[in-house]
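Please put together the full structure from these sequences, using the hints given.
Protein chains in written order, with the working numbering: chain A, 16 to 163; chain B, 16 to 163; chain C, 16 to 163; chain D, 16 to 163; chain E, 16 to 163; chain F, 16 to 163; chain G, 16 to 163; chain H, 16 to 163; chain I, 16 to 163; chain J, 16 to 163.
Hints listed in this document are in silico derivations from the structure and should not be mistaken for laboratory results.
Predicted model only: the values in this text are computed from it and were never measured.
Just so you know, even glycine gets a beta-carbon here, dropped at the ideal spot from N, CA and C.
Be aware that one or more of the hints could be misleading.
Stretch-level coverage of chain G by chain J, calculated; a stretch enters the list once three of its residues show a Cβ under 8 Å from a Cβ in chain J [unchecked claim]:
(1) 92–104
(2) 107–113
Which chain H residues stay away from chain G? Per the calculated CB distances, all over 12 Å, these [as the list claims (entries may be wrong)]:
(3) Leu-43
(4) Asp-76
(5) Lys-79
The residues making up each chain are set out below.
Number of protein chains: 10
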Amino acid sequence: MNTKDMTTAILAAKQRAGLTWATLGDRLGLSDVFLASCCYGENTLAPEAAATLANALDLGDDVKTALCQSPLKGQSLGQSVPTDPLVYRFYEIMQVYGLTLKDVIQEKFGNGIMSAIDFSMKVERVDDPKGARVLVTLDGKFLPYKSW
Amino acid sequence: MNTKDMTTAILAAKQRAGLTWATLGDRLGLSDVFLASCCYGENTLAPEAAATLANALDLGDDVKTALCQSPLKGQSLGQSVPTDPLVYRFYEIMQVYGLTLKDVIQEKFGNGIMSAIDFSMKVERVDDPKGARVLVTLDGKFLPYKSW
Amino acid sequence: MNTKDMTTAILAAKQRAGLTWATLGDRLGLSDVFLASCCYGENTLAPEAAATLANALDLGDDVKTALCQSPLKGQSLGQSVPTDPLVYRFYEIMQVYGLTLKDVIQEKFGNGIMSAIDFSMKVERVDDPKGARVLVTLDGKFLPYKSW
Amino acid sequence: MNTKDMTTAILAAKQRAGLTWATLGDRLGLSDVFLASCCYGENTLAPEAAATLANALDLGDDVKTALCQSPLKGQSLGQSVPTDPLVYRFYEIMQVYGLTLKDVIQEKFGNGIMSAIDFSMKVERVDDPKGARVLVTLDGKFLPYKSW
Amino acid sequence: MNTKDMTTAILAAKQRAGLTWATLGDRLGLSDVFLASCCYGENTLAPEAAATLANALDLGDDVKTALCQSPLKGQSLGQSVPTDPLVYRFYEIMQVYGLTLKDVIQEKFGNGIMSAIDFSMKVERVDDPKGARVLVTLDGKFLPYKSW
Amino acid sequence: MNTKDMTTAILAAKQRAGLTWATLGDRLGLSDVFLASCCYGENTLAPEAAATLANALDLGDDVKTALCQSPLKGQSLGQSVPTDPLVYRFYEIMQVYGLTLKDVIQEKFGNGIMSAIDFSMKVERVDDPKGARVLVTLDGKFLPYKSW
Amino acid sequence: MNTKDMTTAILAAKQRAGLTWATLGDRLGLSDVFLASCCYGENTLAPEAAATLANALDLGDDVKTALCQSPLKGQSLGQSVPTDPLVYRFYEIMQVYGLTLKDVIQEKFGNGIMSAIDFSMKVERVDDPKGARVLVTLDGKFLPYKSW
Amino acid sequence: MNTKDMTTAILAAKQRAGLTWATLGDRLGLSDVFLASCCYGENTLAPEAAATLANALDLGDDVKTALCQSPLKGQSLGQSVPTDPLVYRFYEIMQVYGLTLKDVIQEKFGNGIMSAIDFSMKVERVDDPKGARVLVTLDGKFLPYKSW
Amino acid sequence: MNTKDMTTAILAAKQRAGLTWATLGDRLGLSDVFLASCCYGENTLAPEAAATLANALDLGDDVKTALCQSPLKGQSLGQSVPTDPLVYRFYEIMQVYGLTLKDVIQEKFGNGIMSAIDFSMKVERVDDPKGARVLVTLDGKFLPYKSW
Amino acid sequence: MNTKDMTTAILAAKQRAGLTWATLGDRLGLSDVFLASCCYGENTLAPEAAATLANALDLGDDVKTALCQSPLKGQSLGQSVPTDPLVYRFYEIMQVYGLTLKDVIQEKFGNGIMSAIDFSMKVERVDDPKGARVLVTLDGKFLPYKSW
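Quick look at the structure:
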């Protein structure tokens with residue numbers, strides 16, 4: 016079973032079951048963001064987690080197996096500049112604030128980068144009389160450049 | 016004075032003065048991220064803030080004027096896919112987690128997007144025995160799609 | 016049912032039924048533009064509207080469900096520079112008048128943008144002895160940039 | 016004098032003079048949008064209008080001459096997908112609503128396009144308790160396809 | 016029936032029938048160029064013409080219907096820079112003579128463009144002892160730019 | 016003297032002298048289109064023609080020399096998809112009618128192409144009560160494919 | 016039968032029959048290079064040659080017909096910059112020696128080009144103690160630019 | 016002295032001296048093609064050859080030094096798809112005959128490539144009553160793929 | 016059987032059999048890297064090796080045949096800039112260290128390149144208390160540029 | 016002093032001084048590869064190392080300062096697909112062996128990547144009767160993906 020079919024099967028089953036990523040993540044002891052990324056074929060589940068998920072959504076062994084494979088990442092979007100407005104805004108933030116991020120991070124940490132591998136991400140809702148706000152927290156290990 | 020020259024002048028003066036974005040931001044009552052983004056020509060300073068900054072860095076009226084102009088944004092990087100490893104990691108996060116972000120945000124908020132305009136961003140350092148971590152918090156207003 | 020199949024099914028049924036977007040929009044209390052954009056998979060219908068539409072066009076539950084899903088937007092065209100002359104003219108207007116729009120909007124509103132989310136659009140026909148004219152009105156909330 | 020220098024000279028003089036496109040347009044009997052587009056090198060002024068403008072902004076004959084030349088259009092932005100958020104939103108509208116516009120325009124007019132040459136555009140501010148709104152009206156002649 | 020299938024069906028039937036675009040065009044009172052462009056899904060036939068053509072080629076109602084739909088144009092080639100030598104030569108002419116065409120047309124007509132909508136095209140063969148020559152005549156309405 | 020400077024010098028001198036491509040072409044016994052293409056650095060003038068032109072426009076030996084050099088063609092536009100509306104329409108014709116041209120030309124001539132080297136082009140104005148029309152005639156030798 | 020299927024069928028039959036392009040070319044009185052290019056859908060065979068080839072490879076009428084159609088050229092590779100090392104080396108030669116070829120050819124022939132239509136190509140093996148060498152000979156008619 | 020300036024200086028001096036690549040190559044014991052490629056900054060001359068050339072063209076030490084540096088290759092053209100017709104024809108040959116070359120070369124040599132490094136190239140003129148022909152011979156070592 | 020299907024079949028069989036590239040390579044007397052590259056359709060196996068592999072994985076003759084065909088290389092990734100983080104890091108190394116590699120290699124070897132054809136590659140694991148390290152060794156023949 | 020000027024100054028001084036990266040690296044206690052990458056503006060030197068280098072090459076304070084700045088990486092090449100044959104071969108290796116590297120690395124290490132930040136690289140010359148070989152060793156920390 017390829018990644019695309021796996022994603023389609025999971026999204027359909029999740030909708031039928033009326034479950035959210037948050038609820039499913041709680042059952043697996045995983046965050047909603049990480050779990051969703053596995054189901055979009057961008058991360059890998061451990062075998063037991065895959066089994067629990069397949070069970071919760073009443074899906075077969077092919078889905079379970081596909082969830083444990085090491086995916087070729089960055090394929091789900093299929094566009095180097097995204098067209099979906101929600102996704103594009105993250106591209107725009109990178110374009111507009113890229114040099115700023117480089118400069119401020121290096122001011123605080125020295126020469127290096129924020130890892131996107133030793134990394135987690137969180138999405139929170141903050142209600143506010145002027146309109147709810149989306150809080151996205153990126154948490155990556157600082158990796159200093161080395162000389163040799 | 017064009018944006019590139021303004022940025023060059025400010026970065027050189029800031030280095031001479033031995034000041035950080037954080038210190039300068041404190042003097043202007045602005046965050047380091049926002050201030051840096053203005054100096055990279057990606058946001059606009061109010062006239063008094065521009066005057067205070069030019070003063071602190073001993074820069075002339077041309078810099079002050081340039082800081083108040085409404086910039087053409089997204090130009091500082093000059094690449095649709097960034098090559099710098101630090102900046103690229105943010106592009107990679109968008110590529111790898113784009114669909115995940117769309118799905119999780121819409122699960123928590125309904126149909127809509129996170130604004131990149133009614134928006135702020137914060138960079139924090141979290142020390143840890145296993146190595147310092149970079150915490151980047153994106154805080155944008157949720158904008159629901161409307162029907163008409 | 017994926018978006019493409021949904022669009023194909025609706026367009027075929029609409030042609031068979033001999034109905035226009037305007038007529039269908041009236042039945043749903045929605046504008047022709049918004050309704051068409053939902054059927055091209057670029058916006059989402061509320062469940063009752065989807066049911067009414069499926070009914071009017073004698074289409075099944077799969078279409079109804081598909082119309083309520085949150086689509087990945089900007090996918091229907093599939094080209095970063097459009098080749099169709101009608102669509103290209105809108106691209107051309109953006110290319111030719113982009114800086115002008117930025118300058119004139121910011122002169123009238125201050126530093127910020129026109130939202131494409133809190134947004135509606137209208138297409139009107141103005142008859143004229145020298146030839147009919149197309150009037151497209153874009154109506155988006157002004158979102159001021161904030162400092163922080 | 017090339018187009019870029021002409022634009023720079025005019026924008027600087029306009030800022031010094033503290034004049035708006037609207038005021039300047041009134042003096043020339045032209046809309047603010049059209050006048051701005053000429054100054055960004057995307058449209059051509061008639062000789063008398065160019066003279067009046069150069070006079071109002073205290074600029075020389077080289078600017079006056081440059082304003083009357085037939086420009087190579089679509090060059091001012093210099094990007095096939097714009098990065099500036101304000102300009103990008105117009106690109107996004109074209110991407111998201113391109114097929115919709117084609118379908119609705121052709122439903123109302125038959126087979127053809129909206130001209131971007133026999134064309135004018137207007138930007139208006141509509142104040143509103145929930146926040147000002149930007150109204151952009153595109154007004155182009157309908158050009159029917161012909162058979163032969 | 017989508018455009019690609021329509022084109023395939025027509026080309027196969029035309030080959031079986033041993034008919035040329037010229038012969039078929041004569042029966043429909045249309046030029047060979049216009050007729051071929053309709054069959055490649057780049058223009059639209061009137062219902063009677065579509066019926067006559069389907070009849071001449073012994074094709075069904077699905078082809079007839081498809082020929083009357085308003086196609087998304089510029090899709091048949093599927094390349095922004097064409098690789099076929101015959102088609103590329105037209106791209107090359109545009110690249111090599113683009114500025115020349117702009118200058119000479121505007122010298123003869125003033126500021127404006129040649130329409131590609133109110134437009135027809137003709138291909139002729141001129142025999143010559145040194146080798147036959149291809150004569151392609153483009154005939155488009157001049158559209159002057161307007162000020163407003 | 017490089018090509019860009021040559022073009023700038025000629026266009027400025029031509030404007031000062033108030034001469035057209037047609038007038039200048041007549042003096043050199045060349046068509047306006049060919050002469051303009053030489054001045055845009057896309058074709059080469061014979062030495063005597065270059066001398067006559069330099070004389071007519073009161074330009075120096077550097078321009079004369081530059082006009083005789085074999086230029087790197089297709090550089091004057093500098094864009095693979097042109098943004099100028101007049102030039103774009105020729106690109107659009109190639110996109111929309113590319114397959115049609117291939118089919119109709121090969122129907123009339125057999126397997127081969129229209130040369131863009133053994134080639135000339137003509138621009139004519141046809142006045143008409145409904146608006147003037149631009150007639151562009153492309154005249155290229157047919158080159159048959161050979162087998163070997 | 017489309018081009019891709021034709022190529023697949025021929026390659027499989029040729030492998031089954033254990034024949035080379037050279038042997039097959041000899042039977043048809045054609046060079047191996049030309050014959051292979053026809054089978055990759057980049058050139059056209061005459062009807063008798065197509066019949067002989069189909070016969071030799073025990074293939075049906077659909078292949079025979081497909082071999083005689085005028086193909087859309089340059090499609091077989093499907094990449095504007097090739098990734099296969101063998102093919103890339105030819106791209107590299109064009110990139111590295113492009114200006115050199117232009118200059119040396121024009122020094123020997125005057126202003127013009129080497130035709131890729133009135134053209135043939137030959138691949139030879141030259142054995143050598145230091146390792147065999149590939150000799151590729153391109154033989155194209157010189158086409159002089161003309162003035163008009 | 017950078018590569019571009021070196022090339023400009025050499026081409027101008029060569030034109031002043033009225034010398035050809037062939038004549039100059041003879042003096043250096045090098046082919047015209049190789050010598051021209053060095054002067055376009057795509058290959059490197061040995062120090063004595065550089066001195067002889069600089070002498071022959073009456074050029075200074077900066078040119079001599081620049082000719083001996085190891086250039087970053089493939090930069091002289093500056094386009095991934097060339098626009099100049101002469102250069103484009105070589106790109107077209109690669110596009111149209113790429114798979115053919117791969118297949119025929121591998122049929123004659125086994126699995127491997129033609130080197131573009133252990134490589135030479137020759138341009139010859141063949142006169143012919145039907146028009147002169149350009150013969151370009153590419154001569155590269157065959158490099159077999161290895162397994163390991 | 017095309018390359019994609021061959022790869023899919025092998026990967027599935029390898030997973031079922033619970034075998035590694037290292038184990039399989041040992042049986043065939045080939046390195047894990049080379050063997051894997053053959054199975055991804057980027058290199059070719061000798062017939063006996065293909066038979067042994069097909070046997071070990073219980074796969075049919077179609078796989079065996081496909082493994083012996085000379086593949087069109089560089090197709091498996093399908094992206095000019097890879098999105099998968101593991102693969103991208105190799106792209107990043109090329110971007111960041113490209114000029115450095117050129118300079119250091121040419122300092123040690125003179126003017127020339129490292130072959131990617133007469134080439135092998137090895138991946139090793141080095142354990143370390145601070146975390147395991149990946150050692151990738153590229154071993155290519157030096158090919159000197161020649162003059163001619 | 017910007018990066019480009021810094022690189023030019025260092026390369027010229029190094030050539031004048033007749034020093035190699037290896038010799039200079041020895042004086043600074045750094046490898047030739049790392050030192051060269053700093054001089055191409057792709058890594059940062061510590062202040063003392065920068066002072067030692069500037070001293071060794073008789074360069075001023077501006078170079079010393081520039082060497083210590085945190086560069087925007089990946090800019091020196093300026094091409095997403097490199098044209099220089101030496102650099103391109105590394106791109107080719109990434110294209111041809113990308114999936115292989117992913118699979119073999121993950122087989123040996125589990126799910127994760129090789130870091131390009133906690134990374135060093137070495138270039139060695141191995142002499143051999145059949146021709147010298149280039150050995151490039153990439154040594155990066157393995158970074159496992161984490162779940163959260």
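Of the numbered hints stated earlier in the document, which are not met by this structure?
none
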